[in-house]
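Enquirer: In order, the protein sequence lines correspond to chains A and B. Position 198 (the first sequence) corresponds to 198 in the working numbering; numbering is contiguous. Position 296 (the second sequence) corresponds to 296 in the working numbering; numbering is contiguous.
It should be emphasised that the hints constitute simulated quantities derived from the structure, not laboratory data. Hints are supplied without guarantee of correctness; some may be wrong.
What the hints assert, rightly or not - Which chain B residues stay away from chain A? Per the calculated CB distances, all over 12 Å, these:
id	residue
1	Gln104
2	Glu111
3	Arg119
4	Gln143
5	Asp175
6	Glu180
7	Arg188
8	Arg206
9	Asp225
10	Arg230
11	Glu276
12	Arg363
13	Lys437
14	Gln493
15	Glu560
Claimed, not checked - If the Cβ cut is set under 8 Å, some of the chain B residues that face chain A in the computed set are:
id	residue
16	Asn327
17	Ala396
18	Gly496
Cβ atoms here follow ideal geometry from the backbone N, Cα and C, with glycine treated the same way.
Take a look at the letters that make up each chain.
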Amino acid sequence: MYTYKERADFFQSLRCETSLTYISLLVLLSLLISNPIYLAAVFIALNLVIHAAGIMNEWIVYLKYCLVLVLFIILINAIFVNAGSTILFSFPDLPLLGKIRITLEAVSYGIGMGLRLLIMMGAFCLLTYSVDPDLLLKTFGGGKSRIMLALSMSLRLFPLIADDFMRITEAQRCRGVDFKVKSKRKRVRNYLPVLNTVLLSILERSFQMAEALQSKAYGTCERSHFSEKLWRPRDIFVFAATLVTAVITVVFLVAGHTAYNYYPRLQAIGLDDALAAIVIGFGVLIPALLTWGWKKWPYWRLKI
Amino acid sequence: MALLEIKNLTYHYPDTEEPALSRIDLSIKEGEFVVVAGGSGSGKSSLARAIAGLIPDFYGGRIGGSIKLEGRELKEINRAKLAQKIGIVFQDPENQLIMTNVEQELVFGMENLGLPHARMKKAVMEMSGALSLYPFLKSNITQLSGGLKQKVALASVLALQPDILILDEPTSQLDPVAGEEILTILRRMNEENGITVILIEHRLERCLHLADRIIFMEKGRIVHDGQNIRDALKKAFDKGDPFITPLAKLFAAAGSKQIPLTIKEGREIIRQAKSEKPELSWSFDSEPVTTKNTSDIEQLQEKTAEKIYANNTPLLEVERLWFTYENGQETLKDISLKIYPAEFLIIMGENTAGKTTLLKNIRGLLHPSRGNVTISGRSVQDMTVEEQATKVGYLAQNPNDYLFRPSVREEILFTLKNLGMEKDADIEDLMEKFILKDHADYNPRDLSTGERQRVAMASVLAANPPLVLLDEPTRGLDNQMKAILGRVLRSLQEKGHGIIVVTHDVEFAAEYGEKIILMSGGQIIAQGEKHMILSESTFYSPQTGKLFHDIDNSVLTISEGVQALTKIVFRGGIKVVS
Chain A
1 MYTYKERADF FQSLRCETSL TYISLLVLLS LLISNPIYLA AVFIALNLVI HAAGIMNEWI
61 VYLKYCLVLV LFIILINAIF VNAGSTILFS FPDLPLLGKI RITLEAVSYG IGMGLRLLIM
121 MGAFCLLTYS VDPDLLLKTF GGGKSRIMLA LSMSLRLFPL IADDFMRITE AQRCRGVDFK
181 VKSKRKRVRN YLPVLNTVLL SILERSFQMA EALQSKAYGT CERSHFSEKL WRPRDIFVFA
241 ATLVTAVITV VFLVAGHTAY NYYPRLQAIG LDDALAAIVI GFGVLIPALL TWGWKKWPYW
301 RLKI
Chain B
1 MALLEIKNLT YHYPDTEEPA LSRIDLSIKE GEFVVVAGGS GSGKSSLARA IAGLIPDFYG
61 GRIGGSIKLE GRELKEINRA KLAQKIGIVF QDPENQLIMT NVEQELVFGM ENLGLPHARM
121 KKAVMEMSGA LSLYPFLKSN ITQLSGGLKQ KVALASVLAL QPDILILDEP TSQLDPVAGE
181 EILTILRRMN EENGITVILI EHRLERCLHL ADRIIFMEKG RIVHDGQNIR DALKKAFDKG
241 DPFITPLAKL FAAAGSKQIP LTIKEGREII RQAKSEKPEL SWSFDSEPVT TKNTSDIEQL
301 QEKTAEKIYA NNTPLLEVER LWFTYENGQE TLKDISLKIY PAEFLIIMGE NTAGKTTLLK
361 NIRGLLHPSR GNVTISGRSV QDMTVEEQAT KVGYLAQNPN DYLFRPSVRE EILFTLKNLG
421 MEKDADIEDL MEKFILKDHA DYNPRDLSTG ERQRVAMASV LAANPPLVLL DEPTRGLDNQ
481 MKAILGRVLR SLQEKGHGII VVTHDVEFAA EYGEKIILMS GGQIIAQGEK HMILSESTFY
541 SPQTGKLFHD IDNSVLTISE GVQALTKIVF RGGIKVVS
């Protein structure tokens, strides 16, 4: 579930630089855009890209957890932010919380923030399952970038740590530790030994990996690169689409179109916004369109 | 000139008084195959790391003396050059692999050295071919078996074409088949490519016949270094050293001056004895003289049955158990077995036979798809895993999973507190039982592998459960630690505990088990008393069993073998040749 698996698919055949640029665009869009229509267009396009990349099952697992978080964001915003003029529900004075008014604006704002989170998680899902972590390390690592080394080794260690967690939980259950106890406090306390043991395991693994790195002369010379994927038309198409989308987004940003006012009343959304959202969404969708062409049309597959 | 010359090497790890290496003098010639043996803490791994340049660069500490490679001081050789001269493969295949993809792992070291693309491509082609890794080049490393991972680790080191290859217990985490593969590759590398091999290994019976030389270490010193391996084994036996092969132990204990290194040699010695003393009624051609003949084996079975059926209630009953994982993989098929108090059952089989899955079903960590598991008459499905802690003690493959408290005493107390038994249990007695009294206040993670395992065992058996399950408890243990483990399990058995051990270790199974189950493809292929099962087996037979195969099939353990050989000696059998 947590591991990158080599597949003969379009997205994985892209160069690491291309994939990372595209994923960076997604993150950038989620940070720069607050207009929910734009965000929705990006999110829909991203889902289609994830489907085309063949990692929908993995994304659904991420979605389950993310949607819980999104719901949480909406609730918190709705309960604690009493701004907005369209009242949906109103509650009497409650201790500490005071008068609660659930407004359409607050709920919408929560949804907007939720969409941003979902886009970021989608980008992370693509990074985990469609970008070879080894190439990630090699493209930006070597002795120079310790951050990329740390990132890549984290991706390598993640499935091991997940396995450690499962095994250690089982081991502690065999010693009578009850993880299903009703009291949340007790449940958290019961997980402390597991987390402690997992941490110790991570430290031991890291030490041994560091020793292996040392024995293989990591960081002694300028690193060379093996199996560089060649630049192909598909990389150029995706790169170009990414750059154009980024430029368009910046233009819209400067023109003020990507911003959105939720309070005191939801800003009206016009045809212009819808069209602009479609343009940006289309830019994000390019890898999916290329993938479908690559799968269905042999001539296209040969050419790109 | 020796390839590697070590003079007066002494090393202290940081903040330690006791030296890990003490006045080591060692000279290794090009092309030698050297086996280094010794107990836990003897300094073998420290020596390996000193030669590989990891000590003191990576570990720090204080070092004295000199290590020279081709006449040059090791500390004067830069790390990049050293990596091309000396390669090291560590014990745990999982933690020495950096990349997620096999091909990337093979080239990782070469990329670190800035080697050109063409050379890397050639090395990948050669190594993947030589080690049969070609079909796995694009595979994700996390999905490979332990044996394949270790082959990848070896290939990635060999890709740098080192002159010296150091391997620190490379087979200890592997099953026998995978271990054999690694050793076969080493033999080829040494014989066909002239690579100097320094192998640290506990299971000497697997590798001594490959060695040109054996070094025994103790407390940081070399106590024996010689090319006469048989002589070294005899001396080790005379000293009471546990680090010798079962064959050597057998022949030395029987008073033979001829010490074989292989089964073939051992059978040749016995054949020679036969040819020199034809009056012996014991021969290969006629009826075997048995210390235990077939009817004796049946008697033994009845005796064992008497013992176990003395108490009619089985501790564990598994009835027609089927288990399928969520991904549809059918792992257990129609398994039925019973365990009675004071019974010692060994379960063996190839990887993915379903052994661990069976233990987990018994322990309640997994639930049967069909069938029943009952413990002392109560269905496992009617109890939570936590409730079962007083009925079944389960030690998984990695004892480190259990250890997190700052002292051994607290580790045991943790289980007792969870079960509300801290006032009733005698912790001191428990520690005595598991030979942990001297380590009571130590952090379990600072102890040796065998000691950690006993701490983990004590922590799951603190509640005195009648049924004990152990999954691969001998993995990574040397002979001495295995003997201690065996004694502890025997004492539990004598107290009436039912014991089930899953293991690949045939020697341990033959020595300590009573009943054997062989599993394959999720099914029980054979089950019965150990002499019946192991003596009829080609692969699942200890060295003693293989030695006496078709001579006396009732001989399995060392003591039975010594008895058989001594009888021959008394009958004037084995020619004592100095």
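Enquirer: Among the hints numbered above, which are violated by the structure, and what are their numbers in rising order?
Expert: Of the numbered hints, 1, 2, 3, 4, 12, 16, 18 do not hold.
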